[in-house]
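**Q** The listed protein sequences correspond, in order, to chains A and D. Heads up: the first sequence at position 402 corresponds to 402 in full-length UniProt numbering, and the numbers run straight through without jumps. Heads up: the second sequence at position 146 corresponds to 146 in full-length UniProt numbering, and the numbers run straight through without jumps.
Any given hint could be a false lead.
[Unchecked claim] When the alpha-carbon atoms are kept at most 25 Å apart in a straight line, the in silico BS3-like pairs for lysine-lysine are as follows: (1) 325/A x 33/A; (2) 143/A x 334/A; (3) 154/D x 241/A; (4) 117/A x 33/A; (5) 154/D x 274/A; (6) 117/A x 334/A.
Just so you know, these hints were derived from the structure itself, not from any lab. Treat the numbers as computed from the prediction; the structure is a model and nothing was measured.
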Amino acid sequence: MKSTIYAGVSAAALMLAANGALAQDAVSDGVVKIGVLGDMSGVYSTGFSGKGAVDAVNMAVRDFGGTVLGKPIEVISADHQNKADVASATARQWIDEEHVDMITDLTNSAVALAVQKLASDKHVITMATGAASAALTGADCTKYGIHYGYDTHALPVGTATAVVKNGGDSWYFITADYAFGHALQDNTTEVINSLGGKVLGSSDVPLSSTDFSSYLLQAQSSGAKVIGLANAGQDTVNAIKQAHEFGIVEGGQQLAGMLVLISDVKSLGTDVAKGLQFTSGWYWNSDDKSKAWKAEYEKFSGGEAPTFVHAADYSLTMAYLEAIKAAGTDDPDKVREQLGKMKIDDFFAKGGQIRQDGLLVHDMYLLKVKDGGTDPWDVADVVRTIPGDEAYASLAAGGCPLVNK
Amino acid sequence: MDPMIRLILAQGMLGLNNGVFYAMLSLGLAVIFGLLNVVNFAHGALYMLGAFLALILYSYAGAWVGLDALHIGFWPALILAPLMVAGFGMLIERFMLRRLYKLDPIYSLLLTFGVTLVLQGLFINFFNASGTPYPGMPESLRGVVNLGFMMFPKYRLFVIIFSIIVCFVVWYIIERTRIGSRLRAGTENPELVKAFGINVPLMVMLTFGFGTGLAGLAGVLAAPIYSVSPLMGANLIIVIFAVVVIGGMGSIAGAVVTGFSLGLVEGITKVFYAPAANTVIFLLMVIVLLVRPNGLFGRQS
Numbered sequence: 001m002k003s004t005i006y007a008g009v010s011a012a013a014l015m016l017a018a019n020g021a022l023a024q025d026a027v028s029d030g031v032v033k034i035g036v037l038g039d040m041s042g043v044y045s046t047g048f049s050g051k052g053a054v055d056a057v058n059m060a061v062r063d064f065g066g067t068v069l070g071k072p073i074e075v076i077s078a079d080h081q082n083k084a085d086v087a088s089a090t091a092r093q094w095i096d097e098e099h100v101d102m103i104t105d106l107t108n109s110a111v112a113l114a115v116q117k118l119a120s121d122k123h124v125i126t127m128a129t130g131a132a133s134a135a136l137t138g139a140d141c142t143k144y145g146i147h148y149g150y151d152t153h154a155l156p157v158g159t160a161t162a163v164v165k166n167g168g169d170s171w172y173f174i175t176a177d178y179a180f181g182h183a184l185q186d187n188t189t190e191v192i193n194s195l196g197g198k199v200l201g202s203s204d205v206p207l208s209s210t211d212f213s214s215y216l217l218q219a220q221s222s223g224a225k226v227i228g229l230a231n232a233g234q235d236t237v238n239a240i241k242q243a244h245e246f247g248i249v250e251g252g253q254q255l256a257g258m259l260v261l262i263s264d265v266k267s268l269g270t271d272v273a274k275g276l277q278f279t280s281g282w283y284w285n286s287d288d289k290s291k292a293w294k295a296e297y298e299k300f301s302g303g304e305a306p307t308f309v310h311a312a313d314y315s316l317t318m319a320y321l322e323a324i325k326a327a328g329t330d331d332p333d334k335v336r337e338q339l340g341k342m343k344i345d346d347f348f349a350k351g352g353q354i355r356q357d358g359l360l361v362h363d364m365y366l367l368k369v370k371d372g373g374t375d376p377w378d379v380a381d382v383v384r385t386i387p388g389d390e391a392y393a394s395l396a397a398g399g400c401p402l403v404n405k
Numbered sequence: 001m002d003p004m005i006r007l008i009l010a011q012g013m014l015g016l017n018n019g020v021f022y023a024m025l026s027l028g029l030a031v032i033f034g035l036l037n038v039v040n041f042a043h044g045a046l047y048m049l050g051a052f053l054a055l056i057l058y059s060y061a062g063a064w065v066g067l068d069a070l071h072i073g074f075w076p077a078l079i080l081a082p083l084m085v086a087g088f089g090m091l092i093e094r095f096m097l098r099r100l101y102k103l104d105p106i107y108s109l110l111l112t113f114g115v116t117l118v119l120q121g122l123f124i125n126f127f128n129a130s131g132t133p134y135p136g137m138p139e140s141l142r143g144v145v146n147l148g149f150m151m152f153p154k155y156r157l158f159v160i161i162f163s164i165i166v167c168f169v170v171w172y173i174i175e176r177t178r179i180g181s182r183l184r185a186g187t188e189n190p191e192l193v194k195a196f197g198i199n200v201p202l203m204v205m206l207t208f209g210f211g212t213g214l215a216g217l218a219g220v221l222a223a224p225i226y227s228v229s230p231l232m233g234a235n236l237i238i239v240i241f242a243v244v245v246i247g248g249m250g251s252i253a254g255a256v257v258t259g260f261s262l263g264l265v266e267g268i269t270k271v272f273y274a275p276a277a278n279t280v281i282f283l284l285m286v287i288v289l290l291v292r293p294n295g296l297f298g299r300q301s
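Work out the full structure: start from the sequences and follow the hints.
**A** Printed below as a string of structure tokens:
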């Protein structure tokens with residue numbers, strides 16, 4: 001008897017729930033929630049994630065007007081500590097309990113690969129910026145996963161090509177020992193080999209090491225002309241600093257940072273970093289629109305200058321909200337479709353397009369560190385603009401299984 | 001010079017550089033174990049505490065007392081931080097460890113392990129988990145020295161020389177002076193030493209403070225080389241215990257010599273097969289335990 005009543009009650013509840021779904025308005029749960037999941041305290045907390053990324057997303061929400069389709073936009077953030085398990089647990093909780101509509105930042109490729117898969121299984125859009133691995137839109141691409149800003153394929157096209165053409169044809173790698181570092185080393189090796197250069201060896205270094213000296217000595221004794229740093233953030237800064245401490249550069253070897261941010265250059269100082277060439281998804285001093293945005297960001301964040309990753313965070317938040325507005329709903333399928341249809345053309349991505357595999361293709365810049373300009377953040381000159389089609393792998397070559405051939 | 005020999009010498013120098021920290025830390029552990037029969041698991045955390053005190057003195061202490069421009073630099077920190085760590089160590093001995101001497105040594109080991117977890121947790125809460133660079137390296141120690149086979153940072157050379165002196169002085173005090181002989185007598189037969197009118201509990205407290213102060217000193221020396229991070233001690237303590245076991249528990253000279261030589265061995269292993277460098281120490285430990293269970297310098301008991 002009792003169980004029949006229970007059955008009746010649950011059937012009624014189900015019907016109510018179904019009604020609710022039918023009557024549901026364009027925005028699920030009455031709010032658009034954006035989650036910034038990044039490294040808030042570790043090696044990638046300056047330049048990639050941290051307060052700078054959260055500020056960029058918040059600033060975009062402010063500039064958009066704070067609401068979309070008449071509903072409020074909310075931004076939440078969390079620290080994944082560069083651990084894929086912590087990140088997955090947070091993402092799961094955000095999706096299941098907080099009803100987050102889009103997850104961004106996802107610095108650290110190991111984290112991004114894990115969260116992108118998990119979120120896509122639950123029909124939630126991810127827009128990774130700080131992560132670099134090209135696998136995100138290659139072999140491991142997903143239906144709702146977008147990679148916005150740069151990848152390990154685009155970085156060496158600028159930097160390694162310039163270095164090899166300048167005579168740096170033998171390389172030794174110091175590589176961050178996880179998904180990102182190995183992807184970057186592999187992509188760079190392809191570029192070096194295609195230009196007739198060769199790789200003499202490599203040392204794998206655990207993420208966030210503080211002592212690179214023994215690896216640098218190994219690189220020195222290999223006799224390679226170029227020491228390629230397939231790492232990022234504080235790791236790159238430490239490696240370059242210690243290369244100077246141990247007189248590696250004075251000894252005639254050249255350093256090539258495959259992923260360098262202007263915040264890294266700032267923390268090294270232009271006297272240490274002078275002449276360093278690196279590839280970037282954006283540079284604030286490249287045109288007036290970018291300069292104006294940088295000034296606005298500095299005001300918003302209390303004096304901190306943005307890196308290209310922060311600019312990407314802002315740009316993608318705008319694009320996501322525009323897509324919701326254009327689609328008239330925050331339904332992930334419709335928003336993803338809209339994101340693929342629209343041109344992304346702002347201060348960050350010129351003539352940008354999000355492809356079927358989720359990759360934003362846009363122009364990249366080869367930069368060279370110069371003596372300080374008038375602005376303390378004016379640390380580099382644009383040597384070359386690399387067209388998006390040249391920098392990124394083609395849709396077919398990317399290897400995403402979802403792409404119809 | 002042959003490039004191979006050059007590389008061996010260079011990696012050896014870096015190994016010696018790491019060996020400094022092995023030696024200083026295992027020296028403190030050996031002093032404490034020798035006198036108190038306590039395996040101080042908090043030694044790594046006290047090393048970390050020393051590094052953080054140097055960082056705090058430089059970056060925060062000034063602002064706390066309202067003087068933003070005040071930075072207490074490396075040289076004062078080299079004296080102040082170890083004294084503070086020693087004071088903290090003496091508090092642990094006086095109020096916690098002292099209650100456990102009559103029990104099995106495993107209790108004091110567990111207590112000090114708990115202290116480690118509390119200290120690490122506290123610092124992870126307030127500081128970057130993956131490290132903050134120490135900005136206060138003195139101007140006079142910046143730059144490099146040309147050793148002929150490599151360029152070596154002046155500061156690291158200073159650390160090596162300074163630590164060798166410290167280790168020698170500690171060994172001399174304990175093995176060759178009156179204070180040292182009282183210390184050693186106190187470990188052999190506390191009752192008899194008491195009968196001579198020596199305050200053994202005070203001596204024990206001071207010794208524990210001295211051992212932990214050495215850990216603090218090593219921490220200050222490490223701060224400008226490595227980033228100051230809450231887990232810097234946890235990464236090191238396992239190696240330190242291996243050093244102590246290889247050298248022989250409680251042997252002062254053994255701890256120092258083993259510390260430096262294992263650093264060297266580790267460095268030179270990097271020349272031949274880098275991934276094995278982390279395991280070579282433990283391999284040696286296994287061999288030593290099989291052949292000489294009391295350690296290389298340990299007395300037969």
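**Q** Each hint needs a verdict: does it hold in this structure or not?
**A** The hints, checked one at a time:
Proposed proximity of residue 325/A and residue 33/A is supported: the alpha carbons are some 15 Å apart, at most 25 Å. The hinted pair formed by residue 143/A and residue 334/A meets the criterion: a straight-line CA distance of about 12 Å does not exceed 25 Å. A distance of roughly 14 Å separates the Cα atoms of residue 154/D and residue 241/A; the hinted pair therefore holds under the 25 Å criterion. Restraint check for residue 117/A and residue 33/A: the C-alpha separation of about 19 Å stays at or below 25 Å, so the hint holds.
Note on residue 154/D and residue 274/A: the hinted pairing holds, with a Cα-Cα distance of about 23 Å set against a maximum of 25 Å. Among the hinted pairs, residue 117/A with residue 334/A is consistent with the structure: their alpha-carbon atoms are about 19 Å apart, no more than 25 Å.
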